[in-house]
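2 protein chains.
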Amino acid sequence: MSDPRKNTRDIYPATGTELTAKSWLTEAPLRMLMNNLHPDVAENPHELVVYGGIGRAARTWKDYDMIVAALRDLEDDQTLMVQSGKPVGVFQTHKDAPRVLIANSNLVPHWATWDHFNELDKKGLAMYGQMTAGSWIYIGSQGIVQGTYETFVEAGRQHYGGDLKGKWILTGGLGGMGGAQPLAAVMAGACCLAVECNPDSIDFRLRTRYVDEKAETLDEALEMIARWTAAGEAKSVGLLGNAADIFPELVKRGVRPDIVTDQTSAHDPVNGYLPQGWTMAEWKAKRDTAPKEVAKAARASMKVQVKAMCDFHAAGIPTVDYGNNIRQMALEEGLDNAFDFPGFVPAYIRPLFCRGIGPFRWAALSGDPEDIYKTDAKVKEILSEDAHLHNWLDMARERISFQGLPARICWVGLGVRHKLGLAFNEMVRNGELSAPIVIGRDHLDSGSVASPNRETEAMKDGSDAVSDWPLLNALLNTASGATWVSLHHGGGVGMGFSQHSGMVICCDGSEDADRRIARVLWNDPATGVMRHADAGYDAALDCARENGLNLPGIL
Amino acid sequence: MSDPRKNTRDIYPATGTELTAKSWLTEAPLRMLMNNLHPDVAENPHELVVYGGIGRAARTWKDYDMIVAALRDLEDDQTLMVQSGKPVGVFQTHKDAPRVLIANSNLVPHWATWDHFNELDKKGLAMYGQMTAGSWIYIGSQGIVQGTYETFVEAGRQHYGGDLKGKWILTGGLGGMGGAQPLAAVMAGACCLAVECNPDSIDFRLRTRYVDEKAETLDEALEMIARWTAAGEAKSVGLLGNAADIFPELVKRGVRPDIVTDQTSAHDPVNGYLPQGWTMAEWKAKRDTAPKEVAKAARASMKVQVKAMCDFHAAGIPTVDYGNNIRQMALEEGLDNAFDFPGFVPAYIRPLFCRGIGPFRWAALSGDPEDIYKTDAKVKEILSEDAHLHNWLDMARERISFQGLPARICWVGLGVRHKLGLAFNEMVRNGELSAPIVIGRDHLDSGSVASPNRETEAMKDGSDAVSDWPLLNALLNTASGATWVSLHHGGGVGMGFSQHSGMVICCDGSEDADRRIARVLWNDPATGVMRHADAGYDAALDCARENGLNLPGIL
Ligand SMILES: NC(=O)c1ccc[n+]([C@@H]2O[C@H](COP(=O)([O-])OP(=O)(O)OC[C@H]3O[C@@H](n4cnc5c(N)ncnc54)[C@H](O)[C@@H]3O)[C@@H](O)[C@H]2O)c1
Ligand SMILES: NC(=O)c1ccc[n+]([C@@H]2O[C@H](COP(=O)([O-])OP(=O)(O)OC[C@H]3O[C@@H](n4cnc5c(N)ncnc54)[C@H](O)[C@@H]3O)[C@@H](O)[C@H]2O)c1
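Line by line, the protein sequences are chains U and P. By UniProt numbering, the letter at position 526 of the first sequence is numbered 526, and the numbering carries on one by one without gaps. By UniProt numbering, the letter at position 486 of the second sequence is numbered 486, and the numbering carries on one by one without gaps.
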C-alpha cells in the first residue's frame, strides 16, 4: 500500500475574486488550508508537513481532499468539524458560529507522550498539528520574523544599551520558524551565525533572502562574522553542521558570541533533531524504521548542546531557550542545570503579553501583494504615532519576500486589533482591496496558550500549568463568531508540554463581519490581558483598567 | 485568616416564576449553581463540595458570591467566563452564544498530577470540578440512579438470564453517586450490600430512601442478605465498615456475591478513600496536615481491595470497575493484574453510547414537582412504545425523592433528545409548565469524554486516549447555542485520567430557544455517534446512517 501521506501533487490556493466555495466564509479556510501547503510556504508539502518537525495541515491526502470537498459544499449556517486533520462531521449551526472547528493532537494527560502519540500516528489515528499548521494560518517564515526581531531588539535593549551594531548571535536551525532568525537579527542590527544540518534548508533561506551567506566550515563562518562585526555590518551566515558539534566546539575555542539561542526542532526527538555523527540520509531512513533509536541518540546530542549553552550562560553571555523545549530534553537526559538559562518569554516577551500584544497577522485572499501594501498603509495611518511599528513595516516590505498568499505580521494588542480589523473590512466593502482579508494569529499569543516551558514559564503566581485559559479562549472565540477556531496539544514544545488555541476571522466586507470582528478581535486579546491580570502582573491590571474590561474576580 | 472555603451559610435556589436575574437565560445558571449547593443536594455544601470527593461548585465563597453577582447583572448578549470556579471575565457576545463558559481543573498534561493540582489548590489557584459539580448540573443521586439501574439490568441480562431475583450485589461507597447503587439494585430486582465507612453517608441514604437498612457488623448484614435473597425480596443494606477490610474478609469466608463492584472515591487518594485501620476523625484531620501520608496509606488499602475484587473475578463472579479508577491505583501500587476485570462501560454501556444514548436530564426551575410529573407524562406520550422507559419513569416517580429543584433523568439518544427538548419548550411557552426547564446531561456521555480507564476503555480502534472529541463537543455546543458549556479535566477518575465537557440548555419557551434546542440537542448526541462511528462500531455507523448524519471522513 502506498503511504497515504505521500504524494507528488503541488497545491496552490485559488487567487482573485472568483469563489470556488459557496461564500467567502468557506472560501477563506479553503484558500488558507491550501496556502499552508503551497510549495513556497510549507517545509515538506508532499508529505503534508507545513513546519515544526511533523506539523501537518491534514492527516492524509485523502483527508485533505475530503476537507476540500466539505468546505466547497459547506453552507453559511453549517460547521465542519476537523479531528486531528480528518473531517469528521458537518453540523447545522448558525451564521454567527464558526464555519470550522478543529481539535488536533489532544490526548488525555496520562497518555500524552510521544510514545503513545507515535503509536496512534502509526495506526492512522493522529496528526501533529503544531500551532498554525493544523489550524491553517501559517504564513511562512514571515510569521515568526517580527516576533524574533522584537525578541532580539529587547535583548539588545537589556544587555547592550539598545545597540546591536558589531554584535553577533549564535543559533541553530533554519527550518520553517528558525529560518527567520538570521533575517530578524540583521533587521535588529546584529550579525548571525546559524548552524543548520540540512543543506536544503540553508539554500531555501538563501533563495528567500532570509540568510545572506553560506559556509561549509566553522572557520569560514567565523571569519565572516569577524569581518562583518569589525565593519559594523549586519549580515548573516548559515553554517552547514550539527549544532551539537559546533556549540561545544565554540565553547572549547573560547569564542564568545553576544547572544546564544537555538531553534532546532528539539521538541520532537524522533523527527526534529539530527543526532551527532549521523548523516541526513541515515537519519531520514531510521526515523521510520527505528524511531526509538533515533530519539535516544537525538536526546543524547541535545544534552551536549544544552551543556554548551549552559557554559555560555555561565560565562556571562545572554543565553535563551527559544521555545523548542530543548532544556526539558536535556534535563530528562540528566543535565540537572539545564534550566539555568531562561526561556525567551519571561526574559523578553511577557510585558507585551500583559497588554495583549502578540503575533497578529493577516493575509490577502486575492493573492495580490497590492492588497497587503494597502493594509500596511492603513496600519500606519491608524497608528500614526508608532514609529517602531512604522519602521517594522518599512523593513518588512523591503526585506521580506511573500510566500504563498501575501501576508503581513504586526505585533499589536488589545484596543488596536479590532480597529485594524474593522478598517480592513471597510476597505473590502468599499472596494479598496480586491478581495477579502483573513485575520488570525499564532497560538503563541497572550491568552491562547498554557506552556510551562515557554509562554507561561515562571508566571508570577505559579499558574504556569493551568490550561483552563486556552480552553476558555477557544470557547470565547467560538462564542464571538470567529470563522475558524482550533484547540491543539503539543505544538512547539512537544507532546505533554502545552495546550493552545487558534482563531481566524474573515473580513468579507459585510456588516455581519463588522459585528463579529468587533467582538472577536477585542475579546481574543482581552483574554490574554485577563489571564495575565489574574496572575498579578501590574501591566496587565493597568491595561485591563484602561480598556474598561469587566473582570469580576480580578479587578 | 479564616478558610475561604468554609462557611455556615445555607444556599437555596429561588423557585417560582419571579426572576432574580435579568432573564431566564441567566436565571437558569444562577438557580442551578445554587441548586448544586442546596443542603439536600450537595454532600458537603458548607465547604462548597457537591459530590465525588472534592468536586466543587465554586472555588471559594467569595467566588461564589461574585459569580452570583455577575449572573444577576449579565445581559442576554454577554458571556461570563468561569475559570476553575472563579469568575474571571464578562464579554460581549451575542444572543445565540452561551451565557456562561466554564473551564475547570485543566492542566497541561506533563503537570496533570494530583501533586501539582494539590499544590495549586493550596495556593488558591485551582478547584476540582468533578463532572457536574463545577458545571452546575448535578441533580443529586438521582442523576446516577438510572445509569446504575441500566448497568445492573444489563449485567443481569448478560450473566443471569435477565433475572436478578434472589441475587445480590456487593459494592463500596454510599456517597453522592455511589448512594444510587442500593436503590438501582433494588429497582433492577437484586439485593445489595454496600460497605460505607461514614455513618453520616449511610444515614443520609436511609433518610432519602436510597438504602433500606443499616448494619454495624458484617454478620448482621450477611444475615439480612441471606434472608432477603431466600425470600426473593429485593432490599438493600448499608454496612458500616471499610471496604478494604470487608471485601477480603468475604473472600476469606468463601462468600459469593452475584455481582461485585465499588464506588468509593478511589480516584482521589487524598480525599476519597479511608485507609484501613484509620478512624474517620484521624482521616479528616490528616487530609489537611499530612496529605501525602494519607494518599500513601489509601493507595495501599485500595490495592488490598482490588486484590479481593480480582479474587472474586477469578472465582467466576461478574466483577466490574465502576468508574472510580481504583484499578489504576492498585496497578500503580504494584498489583499487576489489577485490570483483570473490566470497566463497566465496555462491559455494559458502550452499545448505548453508539446510539448517542446517555444520561440526559432536566430540572424544573419553578421548584414545582408537578412540572416534572407533566414532563414525565410528555415523555411517555412521545415515546409511547418504549415499555422499558415507561417502567423506569414509573419506578423513578415512586421511589426517588427529589433533592433540591425537582429533576428527572432519562437515558435517551440521538433523534429523541431534541424532540423532548422542543416539546418541553412548547409546554413552557403555552403555560403548561409553570416556569422554564433546563436540560443537560452528565459529562459521562457518549460524545463528551475521553477517559481510557472508563468511558473510552478498550475502544475498538485503540483511540481511548484521544481527547480531540470532548473538545470538539464543547466547541460545537458553544457554536450551537447551549446556555452554558464546560470543559473539565480529572472528574471521576482523577487528575491525568480524563477530559470531558458538559452542556446545559434553557427552555425558556421562546422561539429562539426552539432553534437552539433543535441544534444543540441534535448535535450533542450526534457527536457521540460520530465518535463511536469513527472508532468503527457498527451500531454507531448504522445509527449515523439512519439519522442521516453528514460525517465526511467516516461514512
Ligand atoms: N519561539 C517561537 O516563537 C517558536 C515558534 C514556533 C516554533 N518554535 C520551535 O522552534 C523549533 C524550530 O521550529 P521550525 O518550524 O523552524 O522547525 P523545523 O523542523 O522546520 O526546522 C528545524 C531545523 O533544525 C534543523 N536541525 C535539526 N537538528 C539539527 C542539529 N542537530 N543541528 C543543526 N540543525 C538541526 C533541521 O534540519 C531543520 O531545518 C521547533 O521546536 C518549534 O517548535 C519556536
Ligand atoms: N460510574 C459512574 O457513572 C460514576 C459517576 C460519577 C462518579 N463516579 C465515581 O464513583 C466514585 C464515587 O463517587 P461519589 O460521588 O459517590 O463520591 P463521594 O466522595 O461522594 O462518596 C464516596 C464514598 O465512599 C466512602 N468511602 C471512602 N473510602 C471508603 C472505604 N475505604 N470503605 C468504604 N467506604 C469508603 C466515603 O465515605 C463516601 O461516602 C468516585 O470515584 C466517582 O468519581 C462514577
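Mixed in with the good hints, there may be bad ones.
[Stated by the list, open to error] Below are the BS3-like pairs computed for lysine-lysine, each with C-alpha atoms no more than 27 Å apart in a straight line:
#1 U/LYS123 x U/LYS292
#2 U/LYS286 x U/LYS6
#3 U/LYS460 x P/LYS62
#4 P/LYS22 x U/LYS95
#5 P/LYS95 x U/LYS419
#6 P/LYS165 x U/LYS95
#7 U/LYS62 x U/LYS296
#8 P/LYS252 x P/LYS286
#9 P/LYS286 x P/LYS307
#10 P/LYS303 x U/LYS22
#11 P/LYS460 x U/LYS123
#12 U/LYS123 x U/LYS62
#13 U/LYS6 x U/LYS95
#14 P/LYS22 x P/LYS62
#15 U/LYS122 x U/LYS22
#16 P/LYS284 x P/LYS296
#17 P/LYS22 x U/LYS62
#18 U/LYS122 x P/LYS419
#19 U/LYS303 x U/LYS374
#20 U/LYS22 x U/LYS95
#21 P/LYS419 x U/LYS95
#22 P/LYS123 x U/LYS460
#23 P/LYS122 x U/LYS460
#24 P/LYS303 x P/LYS286
#25 P/LYS419 x P/LYS378
#26 P/LYS6 x P/LYS307
#27 U/LYS286 x U/LYS296
#28 P/LYS123 x P/LYS165
#29 P/LYS284 x P/LYS252
#30 P/LYS95 x P/LYS123
[What the hints assert, rightly or not] Each pair of labels, with its calculated beta carbon distance range:
#31 U/LYS22 x P/LYS380: 41 to 47 Å
#32 P/SER23 x U/ASP514: 23 to 29 Å
#33 U/GLU332 x P/GLY462: 50 to 56 Å
#34 P/GLY462 x U/LYS252: 44 to 50 Å
#35 P/GLN276 x U/GLU546: 57 to 63 Å
#36 U/ASN337 x P/GLU119: 56 to 62 Å
#37 U/LEU19 x P/LYS22: 26 to 32 Å
#38 U/LYS62 x P/GLN276: 40 to 46 Å
#39 U/PRO369 x P/ASP76: 43 to 49 Å
#40 P/GLU119 x U/GLU249: 40 to 46 Å
Just so you know, the hints here were simulated from the structure itself, not pulled from any lab data. Even for Gly, the Cβ is constructed at its ideal location relative to N, Cα and C.
Status of the given 41 to 47 Å range, CB of P/LYS380 versus CB of U/LYS22: Given about 43 Å between the Cβ atoms, the range holds.
Taking only the CA atoms, is the gap from U/LYS122 to U/LYS22 under or equal to 27 Å? Judged against 27 Å, a Cα distance of about 35 Å means the pair is violated.
Holds or violated: U/LYS460 with P/LYS62, Cα cutoff 27 Å? Given that 27 Å is the threshold and the Cα spacing comes to 22 Å, the pair holds.
Given the hint of 50 to 56 Å, is the C-beta distance from U/GLU332 to P/GLY462 inside that range or not? Given range 50 to 56 Å: violated, Cβ gap about 26 Å.
Assess, step by step, whether the Cα of P/LYS123 is no farther than 27 Å from the Cα of P/LYS165, and give holds or violated. violated (52 Å)
Verify the proposed pairing of U/LYS62 with U/LYS296, using a straight-line Cα cut of 27 Å. Violated, because 33 Å separates the two Cα atoms, which is more than 27 Å.
Is P/LYS419 close enough to U/LYS95, meaning Cα to Cα at most 27 Å? Holds - the C-alpha atoms of U/LYS95 and P/LYS419 are around 23 Å apart, at most 27 Å.
Restraint status (C-alpha distance of P/LYS284 to P/LYS252 at most 27 Å): Since the Cα atoms of P/LYS284 and P/LYS252 sit roughly 30 Å apart, the hinted pair is violated (cutoff 27 Å).
If you check the beta carbons of U/ASN337 and P/GLU119, does the distance land in 56 to 62 Å? violated (23 Å)
Look at the Cβ atoms of P/SER23 and U/ASP514 and judge whether their distance stays inside 23 to 29 Å. Given a distance of about 26 Å, which is inside 23 to 29 Å, the answer is holds.
That 40 to 46 Å hint for U/LYS62 and P/GLN276 (C-beta), does it hold up? violated (56 Å)
Can the restraint linking P/LYS303 and U/LYS22 be considered satisfied, given a maximum Cα separation of 27 Å? violated (59 Å)
Hint violations for this structure: numbers 6, 7, 8, 10, 13, 15, 17, 18, 19, 26, 28, 29, 30, 33, 36, 37, 38, all remaining hints satisfied.
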